[in-house]
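**Q** Each chain, written out:
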Amino acid sequence: MTVFDVYLQQVINGLNLGAMYALLALGFTLVYGILELINFSHFNVFMVGSFVALYTLEAFGLSGQTVILAGLPLVGVLLVTFAVTMTVTGTIGVGIERFLLRRLRAVKGPAAMITTIGVSYILFNIVLLTVGADTHNFANPLPTVTWAIGGASLRLRDVLIWIVSAVLMIALTYFVQYTKIGKAMRATAQDPEAARMMGVEVDRVIMTAFFLGSALAGAGGLIFGLYYNFTSFLIGFTAGLRAFTAAVLGGIGNVPGAMLGGLLIGLVETIGSQIIGASWADVIIFAILVLVLVFRPAGLLGRIAPNKS
Amino acid sequence: MSRDGSLLLEFTGINTYYGDLHALKDVNYTIGRGEIVSLLGGNACGKSTTMKTIMGVVIPATGTVIFDGKPIEKLPTSERVRRGIAPVLEARRLFPRMTVYENLEMGAYTQPKGPQFNEDLERVYELFPRVKERRNQLSGTLSGGEQQMVAIGRALMARPRLICMDEPSMGLSPLYVEQVFDIIQTINKQGTTIFMVEQNANMALSIAHRAYVLQTGRVVLSGTAAELRENPSIREAYLGELKVDAAA
Ligand SMILES: Nc1ncnc2c1ncn2[C@@H]1O[C@H](COP(=O)(O)OP(=O)(O)OP(=O)(O)O)[C@@H](O)[C@H]1O
Ligand SMILES: [Mg+2]
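Protein chains in written order, with numbering that gives the first Met the number 0: chain A, 0 to 308; chain B, 0 to 247.
Any given hint could be a false lead.
Claimed, not checked - Incomplete in silico selection of chain B near chain A, CB under 8 Å: (1) Thr29; (2) Met54; (3) Ile58; (4) Ser77; (5) Arg81; (6) Pro86; (7) Met97; (8) Thr98; (9) Met105.
As the list claims (entries may be wrong) - Which bits of chain A does chain B cover? Going by a derived footprint, with three or more residues having C-beta under 8 Å, they are: (10) 181-190; (11) 194-200.
Derived by calculation from the structure, the hints in this document are not laboratory data.
This structure is a prediction, so every number in the text was calculated from the model and none was measured.
Every residue, glycine too, gets a C-beta built ideally from N, C-alpha and C.
With the hints as extra help, turn the sequences into a complete structure.
**A** The structure is reproduced here in structure tokens:
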């Protein structure tokens with residue numbers, strides 16, 4: 000491998016992680032855009048998602064690296080696994096909003112945010128106490144198809160992660176831009192009271208934001224498993240914090256910003272680790288965050304003065 | 000639709016509080032079908048609170064709001080809009096990062112999309128050719144006058160029977176003020192009842208049929224526009240006439 004190949008490989012890896020961070024960052028941004036709430040429970044909804052995916056794959060008889068699928072069965076299993084995982088995490092997100100956060104919506108101050116931290120730890124401990132502290136091997140049913148690009152290798156897994164992430168992000172963009180409830184989401188983010196007086200049922204809009212964000216976190220959890228081939232009750236905090244950073248970097252509340260921020264953080268992580276060393280990943284990521292925020296406090300695509308009343 | 004003497008809105012015995020602040024004190028209004036009724040009053044006297052109480056974003060402690068013969072004070076805002084009440088909000092409150100067209104779509108939120116939507120859109124474009132020209136522009140980049148046209152158009156998209164306007168002339172140049180009041184009269188002649196908060200009492204009384212005067216949360220005067228125009232205390236307080244002028 001030449002130096003160039005090494006970096007090319009890190010770009011490929013970085014785009015995988017970046018896609019995962021982007022999916023997670025969208026959940027932070029959708030909820031923040033409407034409620035101005037940082038939803039820390041998102042960290043561990045993502046972690047739960049990776050376990051839901053793990054057990055769904057096991058239900059198909061897939062565990063570890065033992066069974067390799069191809070063609071239609073592979074596509075079918077993956078589609079069902081994504082669908083189940085996203086539905087379950089989406090429902091968890093809606094439950095958190097409906098039964099806990101909604102009651103706190105009228106309360107000023109940090110109560111709602113603290114509640115999300117509490118929920119995050121509850122999810123964390125439930126998983127710890129039920130599935131245990133061990134690292135779980137994640138099923139990898141993908142055939143080991145690899146293409147050589149120079150000295151770097153592009154795997155089927157990489158392509159799959161990119162396609163799935165791209166489809167989800169395009170679908171979300173379409174949803175927010177063109178559907179009726181998507182437009183209501185944007186209107187509510189810009190002026191909740193005015194949106195309400197247009198006849199928007201704001202509760203439904205908020206529920207939709209939680210469902211979509213949490214469903215994307217579930218997809219991110221499955222991608223985590225496919226990428227690293229393991230999962231554990233611990234994965235929520237590191238990935239969640241990096242994804243939150245991505246959302247802030249892109250401009251929190253801004254959908255394209257979350258996608259851009261996610262990809263950048265993924266690339267910074269892999270390329271920065273290559274240059275300075277993997278243990279420095281967080282130092283590099285957060286140094287870049289601090290630098291960007293000092294010079295562009297609203298993030299890369301954010302607006303300096305949010306137009307709110 | 001014409002002014003047939005039947006009531007479209009009855010706002011009875013309303014008391015509204017913000018914490019300890021008693022914003023509306025036993026307030027009554029009636030609005031007849033087809034009328035333009037104006038609500039006059041100085042700053043912070045409860046005009047916007049009145050509008051918000053009708054829309055249901057502020058809930059009164061006591062009192063009833065009857066729209067088209069049915070109590071609505073317990074209904075959520077969305078249901079009130081569905082039944083035919085639409086707002087033109089104070090300071091316009093468009094969705095600044097949505098296009099003019101999207102703002103009009105938001106106005107039609109409770110309406111089915113289809114031929115009816117296109118008809119309503121054509122009507123708005125006919126009333127406001129300028130809005131049609133600007134339909135793909137982000138509404139936050141429009142001038143104040145243009146924004147007010149979009150705000151009125153947005154309300155019309157809900158097919159309202161009653162439009163509650165909160166200071167539609169606020170911050171507009173005299174030319175635009177004329178235009179806005181003309182449009183309000185046109186809309187009213189086409190059959191929509193108007194309840195309009197104004198500080199520009201002169202203009203408001205020139206197009207309104209009746210008016211109420213609010214002072215620190217209490218209705219202190221009401222009557223036909225003609226009566227109020229002749230009322231000395233109104234002339235002094237709201238029509239900008241000074242006693243010196245009268246004496247001269
Ligand atoms: N959400 C709120 N919380 C607390 N107090 C409020 C709230 N909204 C209005 N008020 C108070 O209620 C009173 C009436 O306010 P309102 O907005 O109805 O006045 P207004 O007549 O529309 O005034 P303006 O002419 O300035 O628009 C004011 O004293 C205001 O400070
Ligand atoms: Mg007001």
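**Q** Now look at each hint and say whether the structure bears it out.
**A** Against the structure, the hints come out as follows:
Given the 8 Å rule on beta carbons, the hint for threonine 29 (chain B) is violated: about 22 Å separates it from the nearest Cβ of chain A. Checking methionine 54 (chain B) against chain A by beta carbon gives a least distance of about 5 Å; that is within 8 Å, so the hint holds. Using the Cβ-Cβ criterion of 8 Å, the hint placing isoleucine 58 (chain B) at the interface with chain A is not satisfied: the shortest such distance is roughly 12 Å. Taking 8 Å as the C-beta cut-off, the interface hint given for serine 77 (chain B) holds, the closest approach to chain A being about 4 Å.
The criterion of a C-beta within 8 Å of any C-beta in chain A is met by arginine 81 (chain B), whose closest approach is roughly 6 Å, and the hint holds. The restraint placing proline 86 (chain B) at the interface with chain A holds, with a minimum CB-CB distance near 5 Å, inside the 8 Å limit. Taking 8 Å as the C-beta contact cut-off toward chain A, the hint placing methionine 97 (chain B) at the interface holds, the least distance being around 6 Å. A least Cβ separation of about 10 Å between threonine 98 (chain B) and chain A goes past the 8 Å threshold, and the interface hint is therefore violated.
Checking methionine 105 (chain B) against chain A by beta carbon gives a least distance of about 5 Å; that is within 8 Å, so the hint holds. Only residues whose C-beta sits within less than 8 Å of a C-beta in chain B count toward coverage, and the segment 181-190 of chain A has 6 of them, enough to reach three; the restraint holds. Check result for the segment 194-200 of chain A against chain B: holds, 7 residues qualifying (beta carbon to beta carbon below 8 Å, three or more required).
Hints 1, 3, 8 from the earlier list are contradicted by this structure; the remaining hints agree with it.
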